[in-house]
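2 protein chains.
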Amino acid sequence: MLVNGVPGNTLSIRDRGFLYGDGVFRTLCVREGRPQHWPLHYQKLQNDCEKLGINCPDFACLSAELAGLMPAHPNAVYKMIVTRGLSVRGYAPAPDAEPTHVWDISAIPAYPDNCRTGVTLRLCALRLAAQPRLAGIKHLNRLENVLAAAECTDADEGLLLDTEGRVIEGVRSNVFLMAGDRLITPDLSRCGVAGVQRDRVIAYAREIGLSVEVRDVELAELCAADAVFLTNSVFGLWPVAQFEQCRWLDLSRTVQFQVLFEQDESWLN
Amino acid sequence: MLVNGVPGNTLSIRDRGFLYGDGVFRTLCVREGRPQHWPLHYQKLQNDCEKLGINCPDFACLSAELAGLMPAHPNAVYKMIVTRGLSVRGYAPAPDAEPTHVWDISAIPAYPDNCRTGVTLRLCALRLAAQPRLAGIKHLNRLENVLAAAECTDADEGLLLDTEGRVIEGVRSNVFLMAGDRLITPDLSRCGVAGVQRDRVIAYAREIGLSVEVRDVELAELCAADAVFLTNSVFGLWPVAQFEQCRWLDLSRTVQFQVLFEQDESWLN
Chain F
1 MLVNGVPGNT LSIRDRGFLY GDGVFRTLCV REGRPQHWPL HYQKLQNDCE KLGINCPDFA
61 CLSAELAGLM PAHPNAVYKM IVTRGLSVRG YAPAPDAEPT HVWDISAIPA YPDNCRTGVT
121 LRLCALRLAA QPRLAGIKHL NRLENVLAAA ECTDADEGLL LDTEGRVIEG VRSNVFLMAG
181 DRLITPDLSR CGVAGVQRDR VIAYAREIGL SVEVRDVELA ELCAADAVFL TNSVFGLWPV
241 AQFEQCRWLD LSRTVQFQVL FEQDESWLN
Chain L
1001 MLVNGVPGNT LSIRDRGFLY GDGVFRTLCV REGRPQHWPL HYQKLQNDCE KLGINCPDFA
1061 CLSAELAGLM PAHPNAVYKM IVTRGLSVRG YAPAPDAEPT HVWDISAIPA YPDNCRTGVT
1121 LRLCALRLAA QPRLAGIKHL NRLENVLAAA ECTDADEGLL LDTEGRVIEG VRSNVFLMAG
1181 DRLITPDLSR CGVAGVQRDR VIAYAREIGL SVEVRDVELA ELCAADAVFL TNSVFGLWPV
1241 AQFEQCRWLD LSRTVQFQVL FEQDESWLN
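Residue numbers (this note's numbering), protein chains in the order written: chain F, 1 to 269; chain L, 1001 to 1269.
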């Protein structure tokens, strides 16, 4: 673990990341000493920082730190957290705040066998609030995800709707529907987190000639889809076999996207 | 500063308060060695913990810590933060997580002279998202307040509406309207933070025979009110002299509530 480039696993109780969740993060896998899609993760981190007015550490700095950590942890989950830094009391951010950046490393989880072949998805009772100013950003205000995750412990993943009942995302994943030659994924301009893998899937789908629709998605559409799958930078792609009373028996439709998660650095690094 | 009862000013980067804003807090003043309304603050802290399923440290434990800190800091702002504690990776909380509790102490701020006689309030562009599961709770997901505070640096306080345009609160305060013999304050069941001073004002208003209405409040009502004031456990009561183009020249209507903030422990401790 590194805190502002220095080995350590603590930070100040005056850090705004702790006090207000005033920061952003990204989670990526390192496999065999190769960080998966690090430039894409950095780009998202930087965009999210910019939306919140946080000074993002530069790519060279974070890349050098990452390179220094990998020899000891060549196969692991790496989490990069950037906060607005230390605070005097009060919500108003000082414009000259020096950001805090933290690398946290943990083991790559072992998922149940069914995950490659089809997961169970459950509807969360919690509905995501619409906040356009924070939508899409992977920020540190994640209480909605915490409460939703606590609800869905008996399924592989929970499905989150917004307050209007539209499909938004999984608790820790983005969601895709396939219907004929169309790939559909929810618009995230009101709420939700726009993951790196979501961008990769969208770009790849266009490349292979699918029609891609990023728009509002009703729950009825998900239930009627030919296939549904979830993406996340740690677990990769999970086809959905079951959502409440809906079943998908033929999961072959999603196989074409597995290439994005199995061929290492091959496409859209 | 105390972290889990031990002098210190750092905490683990694996603390869920940092990772997800998975915690709650309260801020109170200690004046001349007397903590202002500590039992009420504790009650709120405990209620908020319960709503999030966090095990709140007990009153005796926190009171003893507070008593130990006061001799060295007899006039200060005390912030008590309780988080769900350490986390393994992932949003789902472990049911047996041992909570983290932190005391942070800072100087009582010196406010501009106008604050006692009438502050300027400005409308924030940011609208509060409706999330009933988190409404009222003083939790650590405070990015909306951070962004709103950054907008309103040229006024004493910012006024926050919800996405439907209803009046909810100040960036760091609760808001009250007076109209005839009625005291009106926004319902906080969709969003907003229910402060200790809000409860005290409501209880006192009933005691002195005012009709109290806790309900949805339109912005037009605020503009038409006989008086508007703000409350907060650190600054106490601020009468509003100006909100955008609205002016309140006679601020005597709010004087009756100053007793709650000036007579020390006298009422509803």
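Worth double-checking, as some hints may not be accurate.
[To be verified] In silico DMTMM-like pairs for lysine to aspartate or glutamate, Cα to Cα no more than 25 Å straight-line:
id, chain 1, residue 1, chain 2, residue 2
1, L, Lys1079, F, Glu98
2, F, Lys51, L, Glu1151
3, F, Lys79, L, Glu1098
4, L, Lys1138, F, Glu213
5, F, Lys138, L, Asp1162
6, F, Lys51, F, Glu98
7, F, Lys138, F, Glu213
8, L, Lys1138, F, Asp162
9, L, Lys1079, L, Asp1199
10, L, Lys1138, L, Asp1181
11, L, Lys1138, L, Glu1218
In case anyone wonders, no lab produced these hints; they're calculated from the structure.
Each hint, compared with the structure:
no.: 1; hint: L:Lys1079 - F:Glu98; verdict: holds, 23 Å
no.: 2; hint: F:Lys51 - L:Glu1151; verdict: holds, 14 Å
no.: 3; hint: F:Lys79 - L:Glu1098; verdict: holds, 23 Å
no.: 4; hint: L:Lys1138 - F:Glu213; verdict: violated, 38 Å
no.: 5; hint: F:Lys138 - L:Asp1162; verdict: holds, 22 Å
no.: 6; hint: F:Lys51 - F:Glu98; verdict: holds, 17 Å
no.: 7; hint: F:Lys138 - F:Glu213; verdict: holds, 22 Å
no.: 8; hint: L:Lys1138 - F:Asp162; verdict: holds, 22 Å
no.: 9; hint: L:Lys1079 - L:Asp1199; verdict: holds, 19 Å
no.: 10; hint: L:Lys1138 - L:Asp1181; verdict: violated, 30 Å
no.: 11; hint: L:Lys1138 - L:Glu1218; verdict: holds, 23 Å
Hint check: violations occur at hints 4 and 10; the rest are consistent with the structure.
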